[in-house]
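Given these sequences and hints, build the entire structure.
So you can see what is in the structure, the chains are spelled out below.
There are 2 protein chains.
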Amino acid sequence: MVVNAKAQPAARTIVQKYGGSSVATPAKVLACAQRVAAAVTGGSRVVVVVSAMGDTTDELLALAQAVGGLDNKREVDQLLATGEQVSIALLAMALKTLNIPAVSLTGRQAGIGTELRHGRARITDVEAGRLEAELDAGRVPVVAGFQGTAATGDTTTLGRGGSDTTAVALAAAIKARECEIYTDVDGIYTADPRLVPGARLLARISYEEMLEAASQGAQVMHLRSVELGMKAGVPIRVLHAQRAGMQAGVGGTLICDLATANQSMEHRKAVTTVALKTDIGRVSLEDLPSRPGVQSEVFKRVAQAGISVDDIIQHEVEPIGAGTGGERTCNLVFTVDRGDLPEIGPIVEAVLRVLGSGRSRVDLGLAKVSAVGAGMQSQPGVASTMFGALADAGVTIANITTSEIKVSCIVPEADGPRALRAVHEAFGLGR
Amino acid sequence: MVVNAKAQPAARTIVQKYGGSSVATPAKVLACAQRVAAAVTGGSRVVVVVSAMGDTTDELLALAQAVGGLDNKREVDQLLATGEQVSIALLAMALKTLNIPAVSLTGRQAGIGTELRHGRARITDVEAGRLEAELDAGRVPVVAGFQGTAATGDTTTLGRGGSDTTAVALAAAIKARECEIYTDVDGIYTADPRLVPGARLLARISYEEMLEAASQGAQVMHLRSVELGMKAGVPIRVLHAQRAGMQAGVGGTLICDLATANQSMEHRKAVTTVALKTDIGRVSLEDLPSRPGVQSEVFKRVAQAGISVDDIIQHEVEPIGAGTGGERTCNLVFTVDRGDLPEIGPIVEAVLRVLGSGRSRVDLGLAKVSAVGAGMQSQPGVASTMFGALADAGVTIANITTSEIKVSCIVPEADGPRALRAVHEAFGLGR
Numbered sequence: 001m002v003v004n005a006k007a008q009p010a011a012r013t014i015v016q017k018y019g020g021s022s023v024a025t026p027a028k029v030l031a032c033a034q035r036v037a038a039a040v041t042g043g044s045r046v047v048v049v050v051s052a053m054g055d056t057t058d059e060l061l062a063l064a065q066a067v068g069g070l071d072n073k074r075e076v077d078q079l080l081a082t083g084e085q086v087s088i089a090l091l092a093m094a095l096k097t098l099n100i101p102a103v104s105l106t107g108r109q110a111g112i113g114t115e116l117r118h119g120r121a122r123i124t125d126v127e128a129g130r131l132e133a134e135l136d137a138g139r140v141p142v143v144a145g146f147q148g149t150a151a152t153g154d155t156t157t158l159g160r161g162g163s164d165t166t167a168v169a170l171a172a173a174i175k176a177r178e179c180e181i182y183t184d185v186d187g188i189y190t191a192d193p194r195l196v197p198g199a200r201l202l203a204r205i206s207y208e209e210m211l212e213a214a215s216q217g218a219q220v221m222h223l224r225s226v227e228l229g230m231k232a233g234v235p236i237r238v239l240h241a242q243r244a245g246m247q248a249g250v251g252g253t254l255i256c257d258l259a260t261a262n263q264s265m266e267h268r269k270a271v272t273t274v275a276l277k278t279d280i281g282r283v284s285l286e287d288l289p290s291r292p293g294v295q296s297e298v299f300k301r302v303a304q305a306g307i308s309v310d311d312i313i314q315h316e317v318e319p320i321g322a323g324t325g326g327e328r329t330c331n332l333v334f335t336v337d338r339g340d341l342p343e344i345g346p347i348v349e350a351v352l353r354v355l356g357s358g359r360s361r362v363d364l365g366l367a368k369v370s371a372v373g374a375g376m377q378s379q380p381g382v383a384s385t386m387f388g389a390l391a392d393a394g395v396t397i398a399n400i401t402t403s404e405i406k407v408s409c410i411v412p413e414a415d416g417p418r419a420l421r422a423v424h425e426a427f428g429l430g431r
Numbered sequence: 001m002v003v004n005a006k007a008q009p010a011a012r013t014i015v016q017k018y019g020g021s022s023v024a025t026p027a028k029v030l031a032c033a034q035r036v037a038a039a040v041t042g043g044s045r046v047v048v049v050v051s052a053m054g055d056t057t058d059e060l061l062a063l064a065q066a067v068g069g070l071d072n073k074r075e076v077d078q079l080l081a082t083g084e085q086v087s088i089a090l091l092a093m094a095l096k097t098l099n100i101p102a103v104s105l106t107g108r109q110a111g112i113g114t115e116l117r118h119g120r121a122r123i124t125d126v127e128a129g130r131l132e133a134e135l136d137a138g139r140v141p142v143v144a145g146f147q148g149t150a151a152t153g154d155t156t157t158l159g160r161g162g163s164d165t166t167a168v169a170l171a172a173a174i175k176a177r178e179c180e181i182y183t184d185v186d187g188i189y190t191a192d193p194r195l196v197p198g199a200r201l202l203a204r205i206s207y208e209e210m211l212e213a214a215s216q217g218a219q220v221m222h223l224r225s226v227e228l229g230m231k232a233g234v235p236i237r238v239l240h241a242q243r244a245g246m247q248a249g250v251g252g253t254l255i256c257d258l259a260t261a262n263q264s265m266e267h268r269k270a271v272t273t274v275a276l277k278t279d280i281g282r283v284s285l286e287d288l289p290s291r292p293g294v295q296s297e298v299f300k301r302v303a304q305a306g307i308s309v310d311d312i313i314q315h316e317v318e319p320i321g322a323g324t325g326g327e328r329t330c331n332l333v334f335t336v337d338r339g340d341l342p343e344i345g346p347i348v349e350a351v352l353r354v355l356g357s358g359r360s361r362v363d364l365g366l367a368k369v370s371a372v373g374a375g376m377q378s379q380p381g382v383a384s385t386m387f388g389a390l391a392d393a394g395v396t397i398a399n400i401t402t403s404e405i406k407v408s409c410i411v412p413e414a415d416g417p418r419a420l421r422a423v424h425e426a427f428g429l430g431r
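Going line by line, the protein sequences match chains A and B.
Take 1 as the starting number for the first sequence in the numbering used here and just add one per residue.
Take 1 as the starting number for the second sequence in the numbering used here and just add one per residue.
Just to be clear, a hint being listed does not mean it is correct.
Because identical chains share one entry, a pair is satisfied inside a single copy or across any pair of copies.
Stated by the list, open to error - In the DSBU-like style, the derived pairs of lysine-lysine whose C-alpha atoms are separated by at most 35 Å in a straight line are:
#, residue 1, residue 2
1, Lys300, Lys28
2, Lys28, Lys269
3, Lys269, Lys73
4, Lys73, Lys175
5, Lys28, Lys175
FYI, nobody ran anything at the bench for these hints, they're computed from the structure.
Below, the structure written as structure tokens:
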């Protein structure tokens, strides 16, 4: 996209976000500054958001652990926020050595207000006055990602995907043309190229598809920033931080609304991307009494433990010899991150005691293959194409879940990559 | 001093400041927390001020240098402020593991307002509301030293002696009983014990004497925090951070008003402490025209270059064969830090050109021995005792300057330690 220097300021404004690996060393900070400088000299008004350098966060957490403070969430936030503060100062310095006027801003200085909830605060408001003033003065604001300030003045951090969320929130607040997320991959692919060699880079993908793909295992973007982008209507471009030819408004994958995403595809396919999710833990509750309140009893306790549930599948079981007066029971299956399984055990046991019947089983060796595409709403046969592909590949399907724009199959983990390639092939997504 | 838990809150409140070497490792942070905890369980309300851990500041400056940003003072401040932010978080964590409720506060969160002058901002005001609220809630505020915030929201640092200054400023704002500066020495001595083995620890010293001693080379306390303590009437106790028996209100040296300082000494001596200052550069301007405006011409230019002048000595010279009509000239001698000499050369040359006469000489190999004592105002013969001691030791005196409470002699640098011991001995300061 050619930038028109006479366009309205907002139309010339972009947000660029660089992750920790892009600023891991002083040399990389300088390389990063050159990329920003190129956008500025190309006529863009640029706001930069950066993460902490390389392993800084881990090093800081090690210090916290050494004084027994890892569970002191307020102080962990105060501690971790220093990581980004170092990056912004260094990047602002590096820009100035390239004769690009720049000014570093902490979360607080950039006006990022959050809830008072340490470790995973949500942004409540962005007071963009300072940011706008710096842009109007011709300076590049370099903003600390991942952090904000509660109304009390306390430092908060935003949790996983926090820096991307900062970038999208700022882009929304200043009505930027787009938010560019620089990463170590070229963009969003039709499948993970490490698993599917023929995977193809997508020029565009809709927010909805990206959300489904991310929740089904595509790891490039965190759900939260995509959700925020969708809500605020901020186009998000995912690009490679080191690759030549990637630049403001060009290259990578644009995550945008469905109408814009569809424009670029002559033959819109039913499926846009396929994903594989591993590290799945499956909990099966069998022979539960089929009566109102059972599900709520289960998931209330799981939620109270702070565990996120992925898929939920339930079906009723008629008693053997229907009409014999035996009670109907139900089987309830749900998946969680494998790491949450140890905590799930006691919760499930407690539920079964309360319900007075049923038994539980936990499975580890599973993965989930998903096909995602906004086009599948209008094209029949997507599910059967997928099942056929898996059958031809000799893959057993353990569970199936569907949404309007995705079909997911739980399969044995060992078959995961093979299943992914078969589905990718079946939908003609390769090069 | 026994703390009365029923005393007014302010009377039970102390500020404790720990330097970078006291918090250099997680183990030292925990040791530091134990000292704070002892004061709290002893009934004190404690505010803690800390510096950055060990070599953190140097490491951060190395990063800044690597991106060519050392001269970007705003960003250097943004960068360096992270050092103290790490320390406060860790110390607050460590206190909590000892069951002492604590809360870390950055300079901004602690309400420390400064000028917008990066690298050496002065504190303009302390908004102590949060600090008081935390103390009233029974928590120990752990405050980042060395930093503050300008009215613009920009991060500033206070420059040399900054953390001590933070501690004294907070003590003044909350009307603390005293401000304790924990260091790696036992307190203030009658002379530097590394140079004078018989030097004795002083229980008390007046602000005025401490200021003279510090400006004459005693390195324990920075002038600035002592000045602030004097102005605000905050007693400052200098103690050893690792030594047993040092605790809130006990041990070390109390820097206080003259009346209080005198109370503790049965036989107040004329001289309290002697000091040696090395790294002196001496500039001699000879045969300057003796007319109004000469001195101002010289020192205006020196001040414009940001160079601090230590002593100034001037004397007039009658022309040889007085009454022959020759003009009187004057010799102007001043001392500066040796490191400033390279900058002084061109300034002096420019001045001589403007004045139209005179010549300059620069000397390096000099040191200054000083005797400091509020008692010398009422006791005659201090100067002559000092000169006699130096004569007996065979030390040549190059220049002499005096103030109401000190006598200083510039001597060859090689003779410095010997001269210091001779003067210390002559005033009977040893054990």
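Taking the hints in turn, this is what the structure says about them:
1. Within a single copy, Lys300 and Lys28 get their C-alpha atoms no closer than 47 Å, and across copies no closer than 45 Å, so neither meets the 35 Å cut-off.
2. Taking the shortest Cα distances, Lys28 and Lys269 never come within 35 Å of each other, neither inside one copy (39 Å) nor across copies (62 Å).
3. For a Cα distance limit of 35 Å, the shortest separation of Lys269 from Lys73 qualifies neither inside one copy, at 46 Å, nor across copies, at 55 Å.
4. Taking the closest pair of Cα atoms, Lys73 and Lys175 come within 35 Å of each other both inside a single copy (33 Å) and across two copies (31 Å).
5. When the C-alpha separation of Lys28 and Lys175 is checked against a cutoff of 35 Å, the pair qualifies only within one copy, where the shortest distance is 29 Å, while the shortest distance between copies is 48 Å.
In summary, the structure is inconsistent with hints 1, 2, 3 from the numbered list given earlier, while agreeing with the others.
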